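Required output: the full structure, derived from the provided sequences and hints.
As they're listed, the protein sequences go chains A and B. The numbering of the first sequence is numbering that gives the first Met the number 0, which starts it at 0 and goes up by one. The numbering of the second sequence is numbering that gives the first Met the number 0, which starts it at 0 and goes up by one.
Treat the hints as calculated values from the structure; they're not laboratory data. Model, not experiment: these values are computed from the prediction. The beta-carbon is built from N, C-alpha and C at its ideal position, and this holds for glycine as well.
One-sided and incomplete, this derived list gives chain B residues near chain A with beta-carbon spacing under 10 Å:
(1) 54
(2) 56
(3) 76
(4) 80
(5) 81
(6) 87
(7) 89
(8) 95
(9) 98
(10) 99
(11) 104
(12) 107
(13) 109
(14) 113
(15) 116
(16) 153
Counterexamples of contact, computed for chain B against chain A with all Cβ distances above 10 Å:
(17) 0
(18) 2
(19) 11
(20) 26
(21) 33
(22) 129
(23) 131
(24) 132
(25) 133
(26) 175
(27) 181
(28) 191
(29) 212
Calculated from the model, a selection of chain A residues having no Cβ within reach of chain B, i.e. all distances over 10 Å:
(30) 139
(31) 140
(32) 179
(33) 208
(34) 263
(35) 321
(36) 349
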Amino acid sequence: MILNLIYRSLRQHALATLVTAAGIALAAGLLLTVWVVKTQSQAVFAATNSGFDAVLGARGSKLQLVLNAIFHLEASPGNIAAADYEMIRRHPAVKAAIPLALGDTVEGWRIAGTTTQLFDEIEYLPGKRYAFAAGRNFKLGAEEAVVGSYVAQQLGWKVGSHFHPHHGLSEEAGHEHEEHYDVVGILAPTNTPADRVVWIPLEGVQTMSGHNPLAATELSAVLLQLRAPTAGLMMSNQLNASGGRLTFAYPIGSIVAELFNKISWVDRVLTLVAWLVAAVAAASVLVGIYNSMSARARDLAILRALGARRRTVFGAVVGEAAAVGLLGAAAGFAVYAVLGGAVAALIRAQTGVALAPWQWNPVFWWTPAVLVGLCVLGGLVPAIKAYRLPVAETIAPVS
Amino acid sequence: MPLLEITRLTKTYARPGGGTHRVVDVREFSLEAGAQLALRGESGTGKTTFLNLIAGILAPDDGGIVVAGRDLAQLGEAGRDRHRAEHIGYIFQTFNLLQGHTALENVELGMAFGRGVDRAHAAALLQRVGLGDRLGHFPRQLSTGQQQRVAVARALANKPKLVLADEPTGNLDRRHGREALELIREVCRETGAALLLVSHDERVLAAFERMQDFATLNRALAEAAK
Chain A
0 MILNLIYRSL
10 RQHALATLVT
20 AAGIALAAGL
30 LLTVWVVKTQ
40 SQAVFAATNS
50 GFDAVLGARG
60 SKLQLVLNAI
70 FHLEASPGNI
80 AAADYEMIRR
90 HPAVKAAIPL
100 ALGDTVEGWR
110 IAGTTTQLFD
120 EIEYLPGKRY
130 AFAAGRNFKL
140 GAEEAVVGSY
150 VAQQLGWKVG
160 SHFHPHHGLS
170 EEAGHEHEEH
180 YDVVGILAPT
190 NTPADRVVWI
200 PLEGVQTMSG
210 HNPLAATELS
220 AVLLQLRAPT
230 AGLMMSNQLN
240 ASGGRLTFAY
250 PIGSIVAELF
260 NKISWVDRVL
270 TLVAWLVAAV
280 AAASVLVGIY
290 NSMSARARDL
300 AILRALGARR
310 RTVFGAVVGE
320 AAAVGLLGAA
330 AGFAVYAVLG
340 GAVAALIRAQ
350 TGVALAPWQW
360 NPVFWWTPAV
370 LVGLCVLGGL
380 VPAIKAYRLP
390 VAETIAPVS
Chain B
0 MPLLEITRLT
10 KTYARPGGGT
20 HRVVDVREFS
30 LEAGAQLALR
40 GESGTGKTTF
50 LNLIAGILAP
60 DDGGIVVAGR
70 DLAQLGEAGR
80 DRHRAEHIGY
90 IFQTFNLLQG
100 HTALENVELG
110 MAFGRGVDRA
120 HAAALLQRVG
130 LGDRLGHFPR
140 QLSTGQQQRV
150 AVARALANKP
160 KLVLADEPTG
170 NLDRRHGREA
180 LELIREVCRE
190 TGAALLLVSH
200 DERVLAAFER
210 MQDFATLNRA
220 LAEAAK
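What follows is the structure, encoded as C-alpha cells:
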C-alpha cells in the first residue's frame, strides 16, 4: 500500500519530482565521475610503464623524465651521451635498452626516434606485443614512420601518407624540416601513450636537418627492462649518485604516484564540490516535500481518516523522499555515462591512457546508497510533520 | 445488542486563551444494526466532533463508545485506526477525495487500510453509484455530484457495519443533494450498513423516518447556554 501511495504522490507532483531528481542525478553523476576518474586514473597511470622497469635520462626530475619518455608529455630534461647508452645497454642487469630521441612534432603530435626493437621484441603489457593494424615496421636508415593508432585516426593517415617533421614541441615555434617521411605502418590500438606518437628511426631524429650536428649521437632517454626488479634499487643508488650527470627513474609506478600526490588537492576540491552538490540536492528534497506539506496535509489527513496508521503516512513521506533519491541516483548513471565518458575521452586524447569508466568500482553502490540515505534524512522532517498531523482539524469543516 | 452504544461520552478542547471548552457531553446514545438515523443540529454544535469520536478519529476524554462490539475508548490510536478501516465508512461534506487518484483508486483507498484492495468490488461499487464509465477519471474531471458519488462508493468499499455522513449534501445543489441522499440510503439498505447522518438541512432531515435533535442529545450545548 505504501508503494502505491508513493507512486501516486510522485505522479501527482511529477514536475517537482523531476526537478528534484534532476538535481540528485547531477550530484550522482559528478560524484561518480570524480571518484572513478580519481581512483582509476591513479591506478592506470601508475600501471602504465609501456613494458619498462626504468628510464635513464639526463640529470633532472625523475617525474619529468618519466612523463617525457613514457607518457610523451613535458619537455625532455636534456640529452645523454651515446656512451651512456652503450654503458647501460651492456649492463649485466639490463635485459633490454630502447633508445629514444625526442624533440620534433608533426601537426602537434610528438615524433619519437627509436629502434625497430621496440616493435619487434618489447611487450608493452605482459604477453602483449605491438601489432600492426596496417603495413609494417620502419627500416633503419629510411625516412619511414610507424604511426600510433590515435594519431592515425586523428590525422586520417594511412599507409602511404607522408609528412615533413616540425622542429620543436609546439607548432608555433620552430620550423619544418626538409625531410619527407612516408607512413609504412599503423599500430593497432594499445591504450597506452604509444598510440599518440609518430615513430621514426632513431637516427632520423638525431640527424634531422637543422638539428645540432654535434649532438647527432645524443639521446633523450633510454627505456629499460631489467633482468630482476631487485637490480633497480642497486642501479638507482649507483647511477643517481654518479657525478650528477644521469637520472635513473625507478620504479616508474612510484614516480607517477608522486604526480598524483602533488595534485591530490585537485581531487579533494572536486570531491568536496560533488558532495556539496549532493547535500544541496538532498536539501532540495527536504524543502520540496516540506513546502508541499501544507498542500498535501489534507490528503494525508484523508488517508488517516480512511484508517491509515500514523506510521503508514510517515512511511509514505519518507518512502517518497527515498524514491526521489533512487530515481535521481539511477538517472545519475546516465549523467555519469556522458560526463565520465567525456572525461575518459579527454584523458585518452591528452595522454593516450584509456580509462574504463564502466569497470566495477565500489562507488557504483555507495553513491546511490549515500544519496538515497541523504534524501531519506531530508524526508524525515516533513514525515514527522505528517506523523503529527491533527486529522480532525485538517480534514473537514466543523459542523 | 445495538451496533453503536455510547455512554457518558465527553470531549473537551483547550481554549486558545486558556481554560477549556466542553464540546460533547452525551449521556446515552445507541443505534441498531441496519438502522438509519438523522441528527439535526446547527453549525458549531459539536456534530462533527461527535462523529469523529464515533469514528475513532478523536479520542474521548471519558465515556464509552462501543461499535460492533468493541469499545473504542479501550483501544489505542492504532487500534481505533484499524477498527475504523474495517467497520466504519465516512462520508464528508467536502467529499475529501484525493485529487491525484482516479475515481477507482479513491474507492480502492477505502479498502486499502481495512480488508484489502478488491479492484472488481471497487469497480462494481462505482457501477452501482452510476459511475461505471468514469473509473479512470480524476476528481477534477467529475462534477460535484459525481464526486460525492465516488465518496459514497468509497465509504462503502470495506463493507462497513456503520456509515457516518457529515452534511453529505452540504456542497450539492438541491437536485444533486436529493439524488445523493437517496443513493446513500439505498446502498446502506442494500449492504445492511447502519447510517448515522448529521445535517442542519430540513429537506434532508425530512427524508428520514427517524430523526433526533442533537441539541437534546448533547448536554454540553445546554451547559454552554446557561
